[in-house]
Amino acid sequence: MPWLSILMGVSVLGALGVTLVRNDKLAKQFTLGVSLVVLALAIAMAVGFNPNGDKFQFVEKYVWIRSFGVHYAVGVDGIALVLILLSVVLVPIVVLASWHDAEAGKRSVRTYFSLLLVLEAMMIGVFAATDVFLFYVFFEAMLIPMYFMIGSYGGAQRSYAAVKFLLYSLFGGLLMLVAVIALYSIADKHTFMFSDLIGTIQDVNTQKWLFLGFFIAFAIKAPLWPFHTWLPDAAAQAPAGAAVLLVGVLDKVGTYGMLRFCLELFPDAAKYFTPLVITLSVIGIVYGAIVAIGQTDMKRLIAYTSVSHFGFIAMGVFAMTTNAGAGATLYMVNHGFSTGALFLIAGFLIHRRGSQYIADYGGVQKVAPVLAGTFLVAGLSSLSLPGLSTFVSEFMVLVGTYQRYLVPAIIATTGVVLAAIYVLWMYQRTMNGPTAESVKKLPDLSVREKWVIAPLLALLLVFGFYPKPLLDMIHPAVKSTLTTVQVSDPAAVVPVAKEAQ
Amino acid sequence: MGESITFWVLAVVSVAAALGLVFSRRAVYSALMLGVVMFSLAVLYAVQDAPFLAAVQIIVYTGAVMMLFLFVLMLVGVDSSDSLVETIRGQRFWAIVAGLGFAVLLGLGIGNAALTAPVGLADANAGGNVPALAALIFTRHVFAFEVTSALLITAALGAMVLAHRERTEPKPTQKDLSRARFVLFGQTGKNPAPLPGPGTYAQHNAIDMPAMLPDGTVSPLSVNRVVARYEASEGKLAPEVERILQEETVSERANGNGARPHGEEDGE
Amino acid sequence: MEPAEIIQHSGGVIGASWLMIALPLLGAAILLLGGRRTDRFGHLLGVAMSVAAFVVAALAFFQLLGFAPGERRRGVSLYDLIPGITKIGLLVDPLSISFCLLITFVGSLIHIYSIGYMAHDPARRRFFAYLNLFVAAMLLLVLADNYLGLYVGWEGVGLASYLLIGFWQHKPSAATAAKKAFIVNRVGDFGLAIGIFTIFATFHSVSYAGVADGIAKGGSIPFTAIGLLLLLGACGKSAQLPLQSWLLDAMEGPTPVSALIHAATMVTAGVYLVVRSGPIFQATDTAQLVVTIVGVATLLAGAIIGTAKDDIKKALAGSTMSQIGYMMLAAGIGPAGYAFAIAHLITHGFFKADMFLGAGSVMHAMNDEVDMRKYGGLRKLMPITFVTFFIGYLAIIGFPLLSGYFTKDGIIETAVEHNAILGWLAVLGAGITGFYMSRLVFMTFFGKKRWEADAHPHESPAVMTWPLIILSVGAVVLGAFLVLGNRFMIFLAPAVGRPEELPSFAPFSPTGLVTLALVAVGAGFAWVRYGSAEVPAVAPRGSFLTTFARRDLYGDALNEALFMRPGQWLTRLAVFFDNRGIDGLVNSLAALIGGTSGRMRKVQTGFVRSYALSIFVGAAVLVGAWFVVGNL
Amino acid sequence: MTTHYLVLSALLFAIGGVGVLVRRNAIVVFMCVELMLNACNLAFVTFARQNGNLDGQVIAFFVMIVAAAEVVIGLAIIVTIFRTRRSASVDDASLLKY
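Just so you know, the sequences run in chain order A, B, C and D. The first sequence begins at 1 in UniProt numbering and counts up one residue at a time. The second sequence begins at 1 in UniProt numbering and counts up one residue at a time. The third sequence begins at 1 in UniProt numbering and counts up one residue at a time. The fourth sequence begins at 1 in UniProt numbering and counts up one residue at a time.
Think of the hints as simulated: they come from the structure by calculation, not from any bench. Hints may contain errors.
As the list claims (entries may be wrong) - Heads up, simulated DSS-like pairs for lysine-lysine below, C-alpha to C-alpha not over 30 Å straight-line:
| # | chain 1 | residue 1 | chain 2 | residue 2 |
| --- | --- | --- | --- | --- |
| 1 | C | K171 | A | K441 |
| 2 | A | K55 | C | K87 |
| 3 | A | K189 | A | K479 |
| 4 | C | K87 | A | K468 |
| 5 | A | K450 | A | K468 |
| 6 | C | K171 | A | K440 |
Since the model is a prediction, treat every value here as computed from it, not as a measurement.
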């Protein structure tokens with residue numbers, strides 16, 4: 001059963017269908033329907049996935065460009081499947097959340113929702129692609145719908161933010177293109193198939209250059225420290241729904257790319273550059289958190305927190321231990337839920353009051369307790385409170401990194417304290433204290449909005465207490481990645497009997 | 001020996017003419033200078049065993065192309081002398097530098113090119129220059145030749161298209177003109193009737209005699225300014241015509257400069 | 001004697017001991033998600049869940065007593081939390097069950113008390129939800145069989161304290177206090193987290209059994225590092241010296257909260273951690289020494305702060321801090337001190353909660369006035385509160401035969417025996433405790449009325465006084481019951497081990513006599529200052545020492561200067577650097593490209609002749625280059 | 001002898017070049033271009049003689065044809081510009097700029 005092509009096909013057809021529907025309300029319902037169908041199909045696929053089976057499952061391979069050996073090859077391993085599930089879960093929630101977001105501007109609502117579905121198709125495609133060329137095509141194609149969503153439906157300086165986002169990613173994409181072509185020609189196996197290209201580059205120097213080509217593109221995409229300035233602008237100007245997908249899924253492509261392509265294709269270069277990447281990500285963690293504390297605009301603050309979270313993910317990926325790798329992958333999923341919830345609730349708040357500045361709020365807890373409550377839970381998930389899923393992934397990343405690199409792990413753990421500061425300070429300035437005049441008549445969450453937030457918080461809680469199902473999917477994939485990178489976990493100082501584990 | 005003499009004479013003439021072409025104030029003089037250059041070149045061609053080219057140079061190039069230049073010069077205003085003050089900053093300086101540089105470079109290049117003695121066209125022009133040329137053109141270069149014919153046709157067509165002006169409003173009919181004259185008469189009081197032709201006056205039909213009005217005074221309209229000016233310069237101007245001219249210049253100065261003197265060069 | 005082996009167990013109440021955590025958690029969930037509909041029966045559900053948890057704990061306790069002392073460590077495995085790192089399970093052994101009893105018993109009493117205290121608060125349902133959440137988290141903390149489970153409970157308790165301190169969210173001071181508590185706890189958790197990482201890195205397991213097994217195997221284990229890190233976590237949670245600033249601000253929360261969380265249970269979590277990781281601490285003398293030093297330092301600091309505070313709750317908070325200092329001191333001594341530490345912890349839980357609730361009922365009567373200078377002469381008007389408070393007072397200063405006397409003197413004796421300097425400092429602390437506690441009692445209940453105009457105190461309703469009575473009974477009886485005949489030490493032995501020869505309790509030992517004397521001196525001095533003399537309604541300008549104490553030994557000022565202000569400065573710098581620095585670089589790059597293209601445009605002047613010139617110069621250069629190349 | 005001719009043609013070419021750059025009247029500029037073309041013709045003819053085959057002359061012949069066509073178009077353009085702008089100065093037609 002060509003599951004992946006069906007998934008992508010349904011969402012693309014859905015996108016086309018939406019443009020034909022005349023009145024807006026019907027279009028929105030149609031989009032919601034399509035995204036739910038895609039969700040159902042994805043869950044059916046996930047059920048069929050056998051964690052201990054072979055590495056890539058649901059594989060489809062058709063020749064696309066014969067002369068270059070480019071295939072439309074899709075296949076899913078544990079990591080990709082989990083990320084596809086994340087995007088497929090997020091899209092219906094985002095559709096439901098941005099029910100009224102697209103109406104403000106003059107642009108038509110139907111285009112917004114068809115862009116959303118096109119974006120969904122590409123998200124699935126980018127994670128499912130097992131052909132480097134196909135991956136690159138999706139990697140670049142994703143930018144276009146997001147560019148239009150930010151550019152025509154965003155806030156005040158939306159065009160500046162959209163252009164900056166596009167140029168930044170395209171610059172990265174360019175470097176990657178060079179690396180892809182170089183990889184193709186040096187390996188000269190006349191194929192772009194990922195599985196065939198593993199281990200073809202022997203000489204370490206070329207590996208280093210190709211690694212840099214790929215890495216910089218992914219570092220820009222998942223904003224690592226010096227390349228992150230586009231994210232706050234893009235996330236702050238984008239409509240809440242688009243911001244969730246941008247931060248929740250699009251940026252994950254960067255870290256996924258690092259885990260999949262940078263590590264497996266160029267193992268020696270990855271080991272050579274690990275200290276650099278770990279320092280960058282640790283700086284990112286602390287720097288992102290500190291700058292987040294100093295923000296006055298709510299959405300920018302959340303965006304900077306994501307910069308800090310991505311620091312964790314990148315550190316986990318390059319710590320190269322099973323715990324860290326599995327933790328990083330789980331972190332990508334959890335971060336999607338937790339920052340998604342945070343962005344959506346902030347979006348509801350901003351949609352009600354109209355201003356993004358934290359100073360314009362105060363004492364909302366008295367007026368809208370449910371909104372404040374969900375905002376608090378989302379905030380707590382962002383500062384990775386134990387009992388919520390983000391804690392599990394953060395703990396695994398930190399433990400995994402600690403096994404190999406002590407000092408970065410310790411500095412990264414300070415990020416946990418900084419996280420508490422920026423979340424609680426934002427919560428206090430907006431929700432606690434005397435109710436500000438402007439916020440007196442703020443309505444509480446409507447039923448629709450409750451339906452948006454409930455699943456996210458439920459997922460955070462469920463995977464907080466019982467992350468086993470996800471981890472069982474991720475572990476084999478991460479173990480096989482690390483074996484291709486020929487790296488083994490550091491042994492325990494005092495090995496303890498397994499049963500005591 | 002004759003050849004070097006002709007060469008040196010013509011070389012000096014052509015270079016002088018070229019400099020004259022570039023630095024003469026009046027466009028017509030430049031045109032003539034160019035003509036001189038072409039003539040000297042034609043002679044040089046002839047000296048270099050290219051009689052056909054010399055003929056073509058004179059007939060086609062100097063004859064037709066130069067005349068075209070003069071023709072356009074006349075259209076555009078033959079005496080439009082443009083001032084030699086340079087408007088673009090640094091243009092003249094760089095032009096001179098580039099020119100000198102170019103000349104020096106070519107000179108150097110040609111100088112140290114080790115040229116053997118000229119093979120001469122004796123055997124090439126064996127059956128006469130024109131047949132040899134014709135053979136060459138119509139065998140090896142026939143394709144180029146046909147293309148140039150197409151080129152010339154398009155050039156002619158192009159010139160016609162460029163110079164053609166579409167009439168934007170309908171051709172004024174005679175009724176329109178007469179109505180315009182009476183409207184002008186209403187506005188300015190200018191006599192709608194045409195001016196009396198020369199020489200149809202009471203006593204003499206000579207051109208320089210002014211027509212008489214019914215009340216015996218001289219009609220200022222019938223005085224021909226150019227002729228009057230010529231007679232004034234000769235001192236043979238009739239007293240009453242002179243009086244009319246005085247009155248006219250006084251009234252003219254009183255209400256602004258009125259009609260411009262004939263021949264004022266437009267533009268510039 | 002070393003702690004016993006953990007026996008996997010599934011039957012009976014112990015097998016269902018996860019109910020203890022699940023019930024309050026369920027209660028909290030129902031109350032939070034229920035919303036308005038649960039307002040009517042909200043508080044009753046809360047109390048019911050807490051009492052149910054107590055019943056389960058009691059049954060598990062009795063089932064545990066049924067086993068032979070050697071096999072009283074029962075492990076109940078639940079499920080695989082994080083594959084590859086740890087399974088989650090519960091460890092029911094004498095140590096954890098005594099904690100569970102304390103938490104659920106005192107917790108239930110406080111739940112009952114809060115029905116009265118929060119009777120007219122609109123958001124009562126939310127209050128009981130948070131209380132249940134706290135009880136659940138605390139039980140998870142003490143019952144978990146591995147450090148990760150402990151950490152989850154640890155932060156869960158931190159969250160509950162954040163929610164409860166900031167319960168009256170509209171008050172900015174409460175909100176800030178809550179945030180401060182959470183962040184300072186987070187700093188402590190940072191240390192604990194790194195400790196757990198080190199444990200995992202060393203043993204590849206975080207369960208207590210695994211750690212004990214690893215230590216038994218031996219090898220280069222960084223004991224001191226782990227010990228100090230765990231201590232940092234304990235200090236954060238138990239408000240010991242470096243991280244003690246949040247406890248006094250935590251008094252912003254409603255009084256039952258202060259009683260339950262900031263007196264009886266949460267703040268003792270640090271002591272539990274130190275005792276539970278006994279094997280680690282016993283292997284490193286330096287870490288143990290640091291624990292004792294921190295204990296004594298906090299002991300003295302808390303006492304000094306207690307003397308200067310006029311706010312009754314802040315004074316009690318100061319005394320809590322110092323009493324936990326005692327427990328830390330005892331826990332730092334090693335197996336000899338563990339029993340005394342936990343015993344003192346339990347008795348302290350009773351009489352401190354009793355005093356806090358007493359203070360609560362006083363405040364309730366004096367319409368929420370907290371300044372003791374506005375009290376005075378309440379003894380006759382609130383007899384039950386006065387009697388129960390007085391019993392608690394006698395217990396805490398170590399009046400002979402009351403519970404405080406047995407447990408605190410036990411600690412002092414073992415401390416003196418272990419390390420003379422620390423011991424005598426502890427004795428000095430006992431003296432100061434005598435002073436400030438008596439000052440508190442005399443100012444509140446004795447002397448003349450200094451009430452506000454509209455204050456007309458009356459005795460609190462039965463639902464509030466009954467818990468006071470029960471707690472005061474516990475305060476009287478419990479000490480003797482636990483310490484006499486070393487009953488508690490033997491009971492705890494399988495969980496934490498005990499010294500070879502059992503200490504014999506000598507009622508009138510030299511140190512005991514000296515402590516009593518000092519306490520009497522303190523009390524007398526307090527009677528002279530506050531009991532008989534006229535207490536000024538407005539706080540007099542104190543000497544340097546009093547302001548030093550009033551400003552919490554400048555703890556907050558230090559934090560602000562060292563962390564807060566540089567932190568804000570760093571944030572502003574980082575934001576500036578981000579906007580100007582990196583963003584500036586990116587934007588200036590764009591501007592550069594824009595600028596150069598702007599200038600490049602000027603080359604097209606529009607004049608045909610300048611184009612001709614550029615062609616000509618180009619040609620000249622070309623020919624020149626051609627020659628140069630030609631001649632090479 | 002041929003070098004003399006070549007130097008002359010170079011000189012004429014350079015003078016024509018300078019004329020194009022310096023003069024502002026469109027027609028004079030055009031004449032200078034013609035002058036440059038003639039200089040090239042001279043060089044061609046000289047080389048024809050130098051190398052002994054008539055190709056040089058054929059090329060010169062074609063150059064003349066092209067020059068004629070060019071003059072026709074050039075002057076037509078100058079006339080149209082003059083008609084619209086009443087001036088034949090090259091610098092006036094400078095609207096097509098930054």
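Here is how each hint holds up against the structure:
Proposed proximity of K171 of chain C and K441 of chain A is supported: the alpha carbons are some 20 Å apart, at most 30 Å. Proposed proximity of K55 of chain A and K87 of chain C is supported: the alpha carbons are some 27 Å apart, at most 30 Å. A hinted pair counts as satisfied when its Cα atoms are at most 30 Å apart, and K189 of chain A with K479 of chain A qualifies at roughly 27 Å. Restraint check for K87 of chain C and K468 of chain A: satisfied, since their Cα atoms lie roughly 10 Å apart, inside the 30 Å limit.
For the suggested pair K450 of chain A and K468 of chain A, the alpha carbons sit about 27 Å apart, so the restraint of at most 30 Å is met. Proximity of K171 of chain C to K440 of chain A is assessed by CA-CA distance (about 17 Å); at most 30 Å being required, the pair is judged to hold.
Comparing the model with each numbered hint stated earlier shows that all of them hold.
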